[in-house]
Amino acid sequence: MEKILLRNIENPRSADIKEYIKNGGYKDLLLALKMQPGEIIEEVKRSGLRGRGGSGFPTGLKWEVALRDPKSPKYLICNADEGEPGTFKDRLIMEKNPHLLIEGMIIAGYAIKAEYGYIYLRGEYPYVKKILSRTIKEAYDKGYLGEDIMGRGVKFHIKLYQGAGAYICGEETALIESIEGKRGQPRIKPPFPASTGVWGMPSVVNNVETLSNIPYIIEIGATAYLKIGTPECPGPKLYCVSGHVKRPGVYELPMGTTLREIIYTHAGGVRDGKRLKAVIPGGISTPILPPQNIDCTMDFVNMPRYGSALGSGAIIVMDETVCLLKVCERALRFFAHESCGKCTPCRIGTKRMLETIQRILRGAERDEDIESLLELGSVMDAASFCPLGQTAPNLVISTINHFREEFESHIKEGRCPS
Amino acid sequence: MKQQSEKNTIIESLIKKYKDEKGNVIPLLQDIQDAFGYIPEDAVDLISKRLEIPESKLYGVATFYAMYRHRPGGRHLIQLCTNVSCMIMGAEMLVNFLKNRYGLEEGGTTPDGRFSLMIMECIGGCDTAPSMLVNNDFYGNLTKEKIEEILEKYK
Numbered sequence: 001m002e003k004i005l006l007r008n009i010e011n012p013r014s015a016d017i018k019e020y021i022k023n024g025g026y027k028d029l030l031l032a033l034k035m036q037p038g039e040i041i042e043e044v045k046r047s048g049l050r051g052r053g054g055s056g057f058p059t060g061l062k063w064e065v066a067l068r069d070p071k072s073p074k075y076l077i078c079n080a081d082e083g084e085p086g087t088f089k090d091r092l093i094m095e096k097n098p099h100l101l102i103e104g105m106i107i108a109g110y111a112i113k114a115e116y117g118y119i120y121l122r123g124e125y126p127y128v129k130k131i132l133s134r135t136i137k138e139a140y141d142k143g144y145l146g147e148d149i150m151g152r153g154v155k156f157h158i159k160l161y162q163g164a165g166a167y168i169c170g171e172e173t174a175l176i177e178s179i180e181g182k183r184g185q186p187r188i189k190p191p192f193p194a195s196t197g198v199w200g201m202p203s204v205v206n207n208v209e210t211l212s213n214i215p216y217i218i219e220i221g222a223t224a225y226l227k228i229g230t231p232e233c234p235g236p237k238l239y240c241v242s243g244h245v246k247r248p249g250v251y252e253l254p255m256g257t258t259l260r261e262i263i264y265t266h267a268g269g270v271r272d273g274k275r276l277k278a279v280i281p282g283g284i285s286t287p288i289l290p291p292q293n294i295d296c297t298m299d300f301v302n303m304p305r306y307g308s309a310l311g312s313g314a315i316i317v318m319d320e321t322v323c324l325l326k327v328c329e330r331a332l333r334f335f336a337h338e339s340c341g342k343c344t345p346c347r348i349g350t351k352r353m354l355e356t357i358q359r360i361l362r363g364a365e366r367d368e369d370i371e372s373l374l375e376l377g378s379v380m381d382a383a384s385f386c387p388l389g390q391t392a393p394n395l396v397i398s399t400i401n402h403f404r405e406e407f408e409s410h411i412k413e414g415r416c417p418s
Numbered sequence: 001m002k003q004q005s006e007k008n009t010i011i012e013s014l015i016k017k018y019k020d021e022k023g024n025v026i027p028l029l030q031d032i033q034d035a036f037g038y039i040p041e042d043a044v045d046l047i048s049k050r051l052e053i054p055e056s057k058l059y060g061v062a063t064f065y066a067m068y069r070h071r072p073g074g075r076h077l078i079q080l081c082t083n084v085s086c087m088i089m090g091a092e093m094l095v096n097f098l099k100n101r102y103g104l105e106e107g108g109t110t111p112d113g114r115f116s117l118m119i120m121e122c123i124g125g126c127d128t129a130p131s132m133l134v135n136n137d138f139y140g141n142l143t144k145e146k147i148e149e150i151l152e153k154y155k
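Those protein sequence lines, which keep their order, are chains A and B. Using our numbering, read the first sequence as starting at 1 and increasing by one per residue. Using our numbering, read the second sequence as starting at 1 and increasing by one per residue.
Next comes chain A alone, as it looks inside the complex:
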């Protein structure tokens, strides 16, 4: 497949605006500015583009709600709070192809009639902040941002806003709270941000990768875009592969590529001649898969049929030496640390799950621990306020389902079979 999101990144100067323009950059912006906002939204809707942050929500629908809302000003917010453990794809776009993101944002802003945009960048990427600051300045200097973009009377400004280390701010309403200078705790939905977002105004929150698809959709049109990926989930996808593979990295492939192909063909398979033990396919909030399930196609629609989820496309590959209880323990330390404290099932649930796993790892021989983890998990899934608490138990529950003998071995024999 031709590279779209990672086009030209082998070029060491790919982030430079001159290189970007030389390779056809900002041409699609001019095309878009000659269209009506409604026409752009229609094209994005027809393209079938779904949010790449993990939710898979149709992008065009979000835009349409915001455009039709009578309130103004409207805001376009780029979610660059890439925090799902195992994920590093947005970092690559922002480091190597930042003008693609800016071009996508300007088009999106024009389509929803927003004159102001924010990039909410995670605090853990200070070196990306430097790059984006320069990118934004270059775009202003060339007249792609400002009061009169490309002489077409369109206004759009971008402000870079840096987070300070809170996973929950990847959730769009928590992100909005954070932009308003508050603790990043999620809001109740509805109202959705597209009607009532930052400062109470219509706000579209889109992921970096999602927005970076926009110029290409404008360039080739929805009909051609639909030929990439699957009919239900069109387009390219950035898959992040880490862990025990020969070639870890970001791979741009059609949406719906099988997990097997990604791991073995692209990432080179398991390293050091070891056996594959398990794969976390979409970041640590998605259920784990055993080796017999890796023929699943990695997209939003098919992954649930295999008992997992696409998530952010963060694939963590683990070989036979890994103790899955230790992985669960580390994941739960993360969720307990990142729980924002707003709702009880998540705040207390993550802690109790963590304590239970730690007790099993100490060899406390309590047979009822497995059942209590399963029960706690189902309560958290049903009763948590936002996706953090709903998905925090996924890894543990799926590990019990697929690798129960490993739990039992820890409980009964006080040792790990791996």
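Just so you know, these hints were derived from the structure itself, not from any lab. A virtual CB, placed ideally from N, CA and C, is assigned to each residue, including glycine. Accuracy of the hints is not assured; some may be wrong.
To be verified - Covered stretches of chain B, as calculated for chain A (at least 3 residues, CB under 8 Å):
hint	segment
1	37-43
2	51-65
3	68-77
4	87-99
5	136-147
Dock chain B against chain A, hints included.
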């Protein structure tokens, strides 16, 4: 005394920079931390007075986000990731190495004030795990030898 007034001048000028901006608390706290290495109590006190935001609210924000520090630290901040991708690639061994070689504990500072250590949740360097930040610089594919070599650069 002079030091205190210099400190106040810096805080006042930062407050002025953000005074008329919406949602100013987070970037302001960030700038305060960049200036002092942590968020001093008297900064919170001044922000509260000038921006008319209750101190309790400011502390609510300042303690919510993991990257804000509330005590002075070392000259250089090491932020080592130990989340799943880094863990399975050997990050725990590096935590032990920092402890044995430099006497660095999580959240602690070396006696000579050279380094502080923060254990991080995923810093997005999973393809080059284990990874860390030293101040604003990113380093991946870490080993004990490599960490020792990198830290030599930070005096």
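At least three residues with a C-beta closer than 8 Å to a C-beta of chain A: is that true for the segment 87-99 of chain B? Check passed, 3 qualifying residues.
Apply the coverage criterion to the segment 37-43 of chain B and chain A: a residue qualifies when its Cβ sits closer than 8 Å to a Cβ of the chain, and three qualifying residues are needed. That given contact is violated, which follows from only 0 residues of the segment 37-43 of chain B lying within Cβ reach (below 8 Å) of chain A.
Test coverage of the segment 68-77 of chain B by chain A using CB-CB distances below 8 Å; three residues minimum. Answer violated; 1 residues pass the 8 Å Cβ test.
Count residues of the segment 51-65 of chain B with a Cβ under 8 Å from any Cβ of chain A, then say if the count reaches three. holds (count 4)
Taking a Cβ-to-Cβ distance below 8 Å as contact, does the segment 136-147 of chain B have at least three residues touching chain A? holds (count 3)
Hint violations for this structure: numbers 1 and 3, all remaining hints satisfied.
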